[in-house]
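Chains A and B are the protein sequences, given in the same order. Here the UniProt record's numbering is used: the first residue of the first sequence is 1, the next is one more, and so on. Here the UniProt record's numbering is used: the first residue of the second sequence is 1, the next is one more, and so on.
Some clues are possibly wrong.
Said to hold, decoys possible - Derived contacts from chain B toward chain A, CB cut-off under 8 Å, selection only:
| # | residue |
| --- | --- |
| 1 | GLY150 |
| 2 | ASP269 |
| 3 | ASP275 |
Unchecked claim - In silico DSSO-like links for lysine-lysine, alpha-carbon gap of 27 Å or less:
| # | chain 1 | residue 1 | chain 2 | residue 2 |
| --- | --- | --- | --- | --- |
| 4 | A | LYS28 | B | LYS289 |
| 5 | A | LYS21 | B | LYS230 |
| 6 | B | LYS230 | A | LYS308 |
| 7 | B | LYS128 | B | LYS353 |
| 8 | B | LYS19 | B | LYS289 |
| 9 | B | LYS353 | A | LYS110 |
Keep in mind the hints are simulated off the structure, nothing from the lab. Ideal Cβ placement from N, Cα and C applies to all residues, glycine included.
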Amino acid sequence: MSIEQHNVKRSRQTPEALAEKKQREKSKIDEFLALTDDVLSRKKKRDWSNDAFELTQRLLQINPEFYTVWNYRRNILLNGIFPESTPEQINNILSNELSMTTTALKANPKVYWIWNHRRWCLENGPDGPERDGVPSMEWRQANWDKELFVAERMLDADARNFLAWNYRRYVLANMPTRRSETSELAYTSRKIGANFSNFSAWHQRSKTLVGLWESGQLDPIQSRDDEFELVSNALYTDPDDQSAWIYHRWLIGSGENKGQLEREIQLIFELLQEQPDSKCKRLWCMESLVHYKRLLLQNHSPGSQTLKQECVELLSRLADLDPVRYVRYQDLKRDLDQ
Amino acid sequence: MLPASLPPLSKGGHAAHCKRCLSGLPSSQVDIDPAKLALSFYCLGSLDVSGELEKKTKDWEREQWREWIWSQQTRGHHGTGFRASSYMTAKHSTEEHSGHDNPQIIMTYTALLSLSILRDNFSRLDRKGLLEFLRSCQNIDGSFSSEPLGGDSDLRTTFCAFAISTMLDDWSGMDVANALQFIYSCRTYEGGYGQSPFGEALGGTTYCALAALRLATKQLDPLSLQDRQKTVRWLVQNQAYNGGFSGRTNKDADACYCFWCGASLHVLDAGDLVDNAAMSSFIASCQFKYGGIAKIPGEHPDPYHTYLSLAAVALLPPNSSEGASWALCPLDPLLNATYQTSSWARAHIPAPKVDDDALGDAGI
Chain A
1 MSIEQHNVKR SRQTPEALAE KKQREKSKID EFLALTDDVL SRKKKRDWSN DAFELTQRLL
61 QINPEFYTVW NYRRNILLNG IFPESTPEQI NNILSNELSM TTTALKANPK VYWIWNHRRW
121 CLENGPDGPE RDGVPSMEWR QANWDKELFV AERMLDADAR NFLAWNYRRY VLANMPTRRS
181 ETSELAYTSR KIGANFSNFS AWHQRSKTLV GLWESGQLDP IQSRDDEFEL VSNALYTDPD
241 DQSAWIYHRW LIGSGENKGQ LEREIQLIFE LLQEQPDSKC KRLWCMESLV HYKRLLLQNH
301 SPGSQTLKQE CVELLSRLAD LDPVRYVRYQ DLKRDLDQ
Chain B
1 MLPASLPPLS KGGHAAHCKR CLSGLPSSQV DIDPAKLALS FYCLGSLDVS GELEKKTKDW
61 EREQWREWIW SQQTRGHHGT GFRASSYMTA KHSTEEHSGH DNPQIIMTYT ALLSLSILRD
121 NFSRLDRKGL LEFLRSCQNI DGSFSSEPLG GDSDLRTTFC AFAISTMLDD WSGMDVANAL
181 QFIYSCRTYE GGYGQSPFGE ALGGTTYCAL AALRLATKQL DPLSLQDRQK TVRWLVQNQA
241 YNGGFSGRTN KDADACYCFW CGASLHVLDA GDLVDNAAMS SFIASCQFKY GGIAKIPGEH
301 PDPYHTYLSL AAVALLPPNS SEGASWALCP LDPLLNATYQ TSSWARAHIP APKVDDDALG
361 DAGI
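Start from the sequences and build out the full structure, keeping to the hints where you can.
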């Protein structure tokens with residue numbers, strides 16, 4: 001369904017060159033098939049040797065989606081390699097698995113089975129090293145910390161990689177020593193500060209805040225006001241950007257707070273008058289004004305003809321400026337009459 | 001203000017591109033192996049929706065493809081379904097229950113549609129095994145995994161379960177209430193649906209959620225009017241000025257989202273909010289000189305973007321004055337196939353009903 005498809009390139013070549021290319025491709029395919037045969041028959045024979053281990057790596061490098069081979073690799077570790085190793089050696093092997101899969105992920109960031117293998121490595125790390133004769137959690141914590149670092153590097157490379165965000169949430173939820181939600185809030189602040197159009201960071205922020213409000217670590221009322229200040233900064237800095245507008249809408253919610261609603265309407269109205277002007281800014285400002293004035297109408301001033309008229313006028317201007325959504329604006333105008 | 005006239009839609013060229021991809025791909029495409037059946041569906045679907053299937057393919061080719069698809073029907077320890085291809089079967093393996101050659105839910109969905117496009121009579125379908133397979137894929141949280149042993153479990157795989165049950169006309173393979181619960185848990189404050197809970201709204205998974213809801217409940221009962229409006233707004237805002245749709249907040253337009261978002265609006269009975277002319281104009285600009293449609297103008301095409309672009313045009317066509325090239329076969333947005341194909345599926349996939357009259361005549 002949402003599988004990334006590779007491009008099928010066409011190139012003009014001589015018949016000889018084409019024939020050679022075809023031969024090369026055929027030998028690559030034959031090699032792959034032979035390797036597959038070898039690995040799968042060893043698997044069937046329960047071959048837990050080092051040779052088998054190396055072969056699985058070769059095969060997985062070519063085709064990391066081969067989930068049954070990842071399974072086999074783990075079984076080789078459990079049945080062949082780990083029984084012959086000390087906890088420290090096991091930890092080193094698992095760290096190595098994590099490095100190897102990091103490389104694999106760079107080329108294939110969306111392959112579920114690679115992530116799955118990493119989770120297995122993290123969740124099956126041995127206790128150690130010993131401190132005062134007692135096994136500690138240091139090795140495991142170190143691996144999980146590094147994992148968080150990997151997720152964050154992926155996000156630095158592509159701030160909108162939602163799989164990396166998902167994975168980051170998984171790591172935070174499963175580390176031996178949990179990080180606080182307030183430190184997570186700080187992380188989103190940094191990401192948003194670095195780039196206001198990082199919608200995924202705003203999204204993560206909204207999730208974190210809800211957690212903090214529900215657990216009582218932050219006062220929802222004060223916190224919301226702080227958020228309005230943060231988002232209005234973003235709106236004024238880059239009013240063309242969608243992320244802040246959507247976040248703002250989320251903060252307003254169902255518009256129960258009349259004071260908040262009126263304050264924000266005023267703020268957006270002022271933004272609309274400000275220079276520099278842009279079509280995008282005007283659209284976002286006007287569309288938001290319509291939405292918020294309707295909330296005011298519905299929740300606090302049901303009879304107000306002034307508000308209604310203001311909305312109708314804004315919708316007419318929007319229809320002119322944004323013909324792609326013409327029908328929608330007409331629909332909204334009709335709704336107002338009811 | 002009249003829109004500028006559209007360039008023609010090169011139906012023939014796009015069909016040819018897909019036909020070529022059906023015939024074979026070079027070794028550089030080996031990582032498509034885990035999705036080969038899906039790829040075949042995009043190719044066949046393109047031929048179907050553009051009305052070029054009979055014209056561009058021969059009887060024996062269609063026969064060959066049917067055979068190939070059926071050879072992917074596999075009985076695992078957890079029921080029967082279709083696997084992506086034979087890439088995980090050792091050449092000399094004679095085992096029936098190999099244990100690692102599992103059916104996959106997305107491949108099963110696309111296999112059923114592909115066979116319907118090819119007008120198979122489904123006499124070879126192991127319906128009982130298919131229901132068992134569905135049951136073994138459903139998780140505690142209501143979602144469906146792509147395979148019984150794991151793999152992605154999210155709205156895409158969950159939609160496939162709804163589509164398969166619809167085609168079977170048999171919902172005993174799933175706990176519908178639990179699945180609906182999972183769908184709801186993927187809703188975001190933007191109004192769309194993420195791939196899984198806590199994720200940001202995506203066009204593709206929003207389609208999956210809405211189509212699944214519609215398939216299971218006929219009306220979109222679980223959605224309140226307010227929720228519906230929010231979803232409509234998010235979707236409508238995803239149409240960019242160039243007419244294309246983006247898949248999420250603050251991303252650029254990509255041809256495939258013309259279907260995911262456009263069809264979502266259609267499912268919500270809000271298809272008229274799409275600017276069809278602008279959308280077609282964007283898709284026209286994504287056409288590749290030698291056939292096929294790419295995700296954005298100037299890039300190389302692929303069957304996935306080709307099919308979804310054509311499907312979007314079929315569902316939300318521009319004005320008839322744009323000419324015959326833009327008139328495609330009517331599309332069923334809930335199963336994502338032409339109406340002719342989805343009707344065939346609904347008629348032939350369910351278990352044959354026992355004819356009581358015939359039994360009476362036979363003295364039974």
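We went through each hint and held it up to the structure:
1. GLY150: With Cβ-Cβ at 7 Å, under 8 Å, it holds.
2. ASP269: 12 Å, violated
3. ASP275: It holds, given that the least Cβ distance between ASP275(B) and chain A is near 4 Å, below 8 Å.
4. LYS28(A) - LYS289(B): 30 Å, violated
5. LYS21(A) - LYS230(B): 53 Å, violated
6. LYS230(B) - LYS308(A): Within the cut-off at roughly 20 Å; holds.
7. LYS128(B) - LYS353(B): 14 Å, holds
8. LYS19(B) - LYS289(B): Given that 27 Å is the threshold and the Cα spacing comes to 16 Å, the pair holds.
9. LYS353(B) - LYS110(A): It is violated: about 43 Å lies between the C-alpha atoms, which goes past 27 Å.
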